[in-house]
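Line by line, the protein sequences are chains A and B.
Position one of the first sequence corresponds to residue 4 (the numbering used here), numbered consecutively onward.
Position one of the second sequence corresponds to residue 2 (the numbering used here), numbered consecutively onward.
Please keep in mind that the hints were generated in silico from the structure rather than gathered at the bench.
Think of the CB as a built atom: it goes at the ideal place given N, C-alpha and C, for glycine as much as any other residue.
Just so you know, not all the hints are guaranteed correct.
In the DMTMM-like style, the derived pairs of lysine to aspartate or glutamate whose C-alpha atoms are separated by at most 20 Å in a straight line are [stated by the list, open to error]: (1) Lys126/B to Asp9/A; (2) Lys128/B to Glu32/A; (3) Lys274/A to Asp627/B; (4) Lys261/A to Asp318/B; (5) Lys274/A to Asp751/B; (6) Lys274/A to Glu750/B; (7) Lys54/A to Asp85/A; (8) Lys128/B to Asp46/B; (9) Lys128/B to Glu12/A; (10) Lys54/A to Glu131/B; (11) Lys486/B to Glu517/B.
Reference listing, derived: stretches of chain B covered by chain A, where coverage requires no fewer than 3 residues with Cβ under 8 Å from a Cβ of chain A [said to hold, decoys possible]: (12) 678 to 686; (13) 691 to 699; (14) 744 to 753.
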Amino acid sequence: MRGNPDAHELIAPGNLDSVLELLAKEPSEWTPIAGGTEIMVAHAAGRLGAKKLVSLWGIDELRFIKEKEASITIGAGATFRDLRAHPGIGVKLPLLAMAASWIGCIANQSRATLGGNLVNGSPAADSSPALLVYDAEIELASVRGRRRIPYSAFHTGYKRNAMLPDELLFAVHLPLRFAEQRHYLRKVGTRRAMAISKVALAATAWLEDGLIREVRLGAASLAPFPMRLVETEVALLGRALNAESIQLACAALQKEAKPIDDIRSTGAYRKRVAINLLTEFLTALATEGQGR
Amino acid sequence: MLCLNPHAIEAGQTMNTSEKTRIVGAPVLRKEGVQKLLGQALYVDDISREGMIHGATVRSTIPRGLIRSIHYDERIDWDAFTVVTAADIPGKNHIQLIFADQPCLADGVVNHCDEAIVLLAHADKHKLREAMAAVRIEYEALPAVFTIEESERREQIVWGTDNLLKSFLLEKGDVDTVWANAAHVVEGEYRTGAQEHLYIENNGMIAEWSEAEGVTVWGSLQCPYYVHKSLLAVFDLPENKVRVIQTETGGAFGGKEDFPSTLAAHAALLAMKSGKPVKMVYDRMEDLAATTKRHPSRIRHRTALDKNGKLLAMDIDLATDGGAYSTLSSTVLSRATLHSPGPYVCPNVRIRSHAWATNTVPYGAFRGFGAPQGIFAIECHMDEIAVALNMDPVELRRGNFLHDGDTTATEQVMREPVILDQLLERALKESDFYAKREHYARENASSAVKRGMGLAAFYHGAGFTGSGERYLNSIAGLDVTPQGKVRVLVANTEFGQGTNTILSQIAAEAIGIGYEDVEMAPADTRVVPNSGPTVASRTSMVVGKLIERAGLQLVAWLREESGLEERYSASEFFAACARYGAAHGEVVSLCRYEAPPNIYWDDKTYRGEAYPAYAWSIHVAQVAVDTNTYSVQVEDFWAVQEVGRILNPILAGGQIEGGIAQAIGYALYEKVILQDGHMVNNQMTNYIMPTAEDVPPIHIFFEEIPFQHGGFGAKGIGELPHDGPAPAILNAIRDATGVGYHAIPLMPEDIFAHFIAHEINVETVSA
Chain A
4 MRGNPDAHEL
14 IAPGNLDSVL
24 ELLAKEPSEW
34 TPIAGGTEIM
44 VAHAAGRLGA
54 KKLVSLWGID
64 ELRFIKEKEA
74 SITIGAGATF
84 RDLRAHPGIG
94 VKLPLLAMAA
104 SWIGCIANQS
114 RATLGGNLVN
124 GSPAADSSPA
134 LLVYDAEIEL
144 ASVRGRRRIP
154 YSAFHTGYKR
164 NAMLPDELLF
174 AVHLPLRFAE
184 QRHYLRKVGT
194 RRAMAISKVA
204 LAATAWLEDG
214 LIREVRLGAA
224 SLAPFPMRLV
234 ETEVALLGRA
244 LNAESIQLAC
254 AALQKEAKPI
264 DDIRSTGAYR
274 KRVAINLLTE
284 FLTALATEGQ
294 GR
Chain B
2 MLCLNPHAIE
12 AGQTMNTSEK
22 TRIVGAPVLR
32 KEGVQKLLGQ
42 ALYVDDISRE
52 GMIHGATVRS
62 TIPRGLIRSI
72 HYDERIDWDA
82 FTVVTAADIP
92 GKNHIQLIFA
102 DQPCLADGVV
112 NHCDEAIVLL
122 AHADKHKLRE
132 AMAAVRIEYE
142 ALPAVFTIEE
152 SERREQIVWG
162 TDNLLKSFLL
172 EKGDVDTVWA
182 NAAHVVEGEY
192 RTGAQEHLYI
202 ENNGMIAEWS
212 EAEGVTVWGS
222 LQCPYYVHKS
232 LLAVFDLPEN
242 KVRVIQTETG
252 GAFGGKEDFP
262 STLAAHAALL
272 AMKSGKPVKM
282 VYDRMEDLAA
292 TTKRHPSRIR
302 HRTALDKNGK
312 LLAMDIDLAT
322 DGGAYSTLSS
332 TVLSRATLHS
342 PGPYVCPNVR
352 IRSHAWATNT
362 VPYGAFRGFG
372 APQGIFAIEC
382 HMDEIAVALN
392 MDPVELRRGN
402 FLHDGDTTAT
412 EQVMREPVIL
422 DQLLERALKE
432 SDFYAKREHY
442 ARENASSAVK
452 RGMGLAAFYH
462 GAGFTGSGER
472 YLNSIAGLDV
482 TPQGKVRVLV
492 ANTEFGQGTN
502 TILSQIAAEA
512 IGIGYEDVEM
522 APADTRVVPN
532 SGPTVASRTS
542 MVVGKLIERA
552 GLQLVAWLRE
562 ESGLEERYSA
572 SEFFAACARY
582 GAAHGEVVSL
592 CRYEAPPNIY
602 WDDKTYRGEA
612 YPAYAWSIHV
622 AQVAVDTNTY
632 SVQVEDFWAV
642 QEVGRILNPI
652 LAGGQIEGGI
662 AQAIGYALYE
672 KVILQDGHMV
682 NNQMTNYIMP
692 TAEDVPPIHI
702 FFEEIPFQHG
712 GFGAKGIGEL
722 PHDGPAPAIL
732 NAIRDATGVG
742 YHAIPLMPED
752 IFAHFIAHEI
762 NVETVSA
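Use the sequences and the hints to build the structure in full.
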């Protein structure tokens, strides 16, 4: 343990309003900590800069999963174990359930929260590609009220996001209109379990009369933050799925992906594997025919 | 627990290891297993001494340079800290190992990153971090050397007069007469990377010092007498003023063979200066950055064969990276040299081997000790030859295997049975090798995932190399406690591999009492004799034999002097011990090492009996290479081996499984990334070891041929399983993809780079 606990202040108000009041009173002073799976690792390594921590753990208002006819809303404090155990998510948002099962180990999944994963903002975040292709919306809370933004607009740069200093990530809303669409998610990590992804690609698509009517592609580790591959999607929309359109999509991805070299892999590898994964998805889609 | 009936055993029965045994060969439970399960086993960080304070190490931030000055920032109240530098060392500032070139604390010069310069201690360990950051060291940087090639060029001399830590020349026949007339000459270059041990428990030590008692250390370590010897030099104390006690040790794999000597000296220096007990326990980041790893290697083969694929000549050029100080590089190089020709007969062999100094943390002992490097090269090279000769790699090997009566590269005659043909047949049959190979060859054409089968054949020499065991001159034995237990007196340590259990089994078997009648004496240099280090797969064979002999000797004494009958029960045995103790004051039976007869070894020419015994093995790997992600999964694994008598089938199986899992990491996952000589992926989040998900089912088969000079017929087992997986896996990748990779760790990025360089069109492949 390289961090010194005496150098940090930790409070646990126990309810949402108190946390929001604290953030309003002293904006940017307090760092929320939920499961702590990221912050405690930084603390152990002696590189946790945040001096004041406000605990979100145990606040029931944040830990919920609500299923309605047309949407599922997940509280920011829901753990990945909660997500894995939820039958509605498993059936209607299978990519999210799959991503939740890939995060760390059971111990991590029991502490790590969906909100924490998004606010931490790692380019390699496991839940992000699935949320991107499911058109997730983020609900932010502050003493001033609530507001919603598309998840695709949430990340604004490396470890930066659209939240204001007094805001807290409250919930993630997922529309349930993808059940009939084709799903794809593949994570390429450093090993088969307990791995940080080197590249990950998620996709949902809807074909009609042999033409691509809808396609969403979400990627991790191809940019400073998890992102929709909009240019690549555009290259596919309205086209028939064939060798030519697959090639066009790959060419678009070749341009759009801007991965980096780092300790885990190389930019060239990441880009090529992303193209291979896209090809794998589109080829399977083409082979399996006209299914919606 | 198994029922171990101690009654009415006919003594003398155990003299012949081929006869049936009661306890040896049985899956008895670990001696210390219950304490470990219940959390009662005390590791060093569980232990506290009265008044104990905590130590920390300020380390070099540059790979090579002169220390110009050390500043202590005024914002710290230094009076509250104990501060130790090289100037505080009462004896010699070196860590005594084979040579004495490594300083205990850097004095005026640093030769690698993370070299210890200043030691600090304080009662509150959280205060140490801030103080460490407040020690500022000014350097005059010198150019550093990071690779074998840079060291060979000798543009910078970073060690001795020529950067050469050690070299060997081994010659059999005359290779140079062969090349011109050989039907085939095949060349290849093979490289292996560093590897971290990743024992679960990091290095840790507690030290106390007093004028009257001298130095006492408790720690996580393999070799109490290595630490003892090293402390004698640093503190300039007589032998009875240094005491080393091993605490429960959470894994070692060679990583606690030499490094604990340094850490013990550091903790003891702080204890002496502060007058208080001092604990130093590394965290994972410090342990990864600052302690030893496996030697990287570069091995070049040039091989001549006749038209039928018979080996005519092997010319091997072997180089290792030893790091900044000599530590164990000479003996690692020796074992690499002796294993590099593989288990084959060849009339002409030349091996030129060199260990080079670089400005990195010294490389050290690691399971296999040079053999995995040598075997990786020859076993990949055999598949390379098979391709060049258009031969089946299995038949190429079979046609060149060593057999009884053949001579090795050192002209050692194989006097013990060599059953490689039998092991190979079993491995082929159990893995269904040929059928699978054909099946995958057909399927691969239409699949993005390519599967393949690969094989490696190898031996591992048990015990110290050459004359090593004679120099060690180990002594070990038994005594009998007043409570009526036989105690095993050895300096050999338990660190998860089963030393306590097998030695207790041997003692119980030899004497004819129950497993529960035997206990281990603490690994405390004040209690146990120097039975040598716990390394080199020597414990079962060499120390086991000493314990067997000591048991038989004790029974013989009791018969002669204390009225022990021909047949006896455990209680009659202990009653006889009581009579013997009353007459002699104590019951102690010690034995000294005796070399097997007709052993001849010449250290100068590297000829003769390189090892008293060899363990033999065939590994078969089945892999899947995903051409979309360039990643390799080992899907199934078979290991067939002959390691002499199996003392405990559960522990033996565990050794094989663990070694293979660790070697899969060596082959495919574990990469030490150095930047300017500093390890930058020194966390388990980015130094990637395989998980249970990445390790395949491992099928283990033993053939048993008892070795009469080993404990109840045992040879060495612990290192053998680390030797074969890397080449078997790379050979399987070749079978799957047609590409022979020659370097490990083989990462997906490397396979990708090869695909790109050779313009293998992945889209076409996967379509």
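Taking the hints in turn, this is what the structure says about them:
{"no.": "1", "hint": "Lys126/B to Asp9/A", "in the structure": "holds, 12 Å"}
{"no.": "2", "hint": "Lys128/B to Glu32/A", "in the structure": "violated, 25 Å"}
{"no.": "3", "hint": "Lys274/A to Asp627/B", "in the structure": "holds, 16 Å"}
{"no.": "4", "hint": "Lys261/A to Asp318/B", "in the structure": "violated, 43 Å"}
{"no.": "5", "hint": "Lys274/A to Asp751/B", "in the structure": "holds, 15 Å"}
{"no.": "6", "hint": "Lys274/A to Glu750/B", "in the structure": "holds, 12 Å"}
{"no.": "7", "hint": "Lys54/A to Asp85/A", "in the structure": "violated, 30 Å"}
{"no.": "8", "hint": "Lys128/B to Asp46/B", "in the structure": "holds, 18 Å"}
{"no.": "9", "hint": "Lys128/B to Glu12/A", "in the structure": "holds, 17 Å"}
{"no.": "10", "hint": "Lys54/A to Glu131/B", "in the structure": "holds, 16 Å"}
{"no.": "11", "hint": "Lys486/B to Glu517/B", "in the structure": "holds, 9 Å"}
{"no.": "12", "hint": "678 to 686", "in the structure": "holds (count 4)"}
{"no.": "13", "hint": "691 to 699", "in the structure": "holds (count 5)"}
{"no.": "14", "hint": "744 to 753", "in the structure": "holds (count 3)"}
The earlier numbered hints that this structure contradicts are 2, 4, 7.
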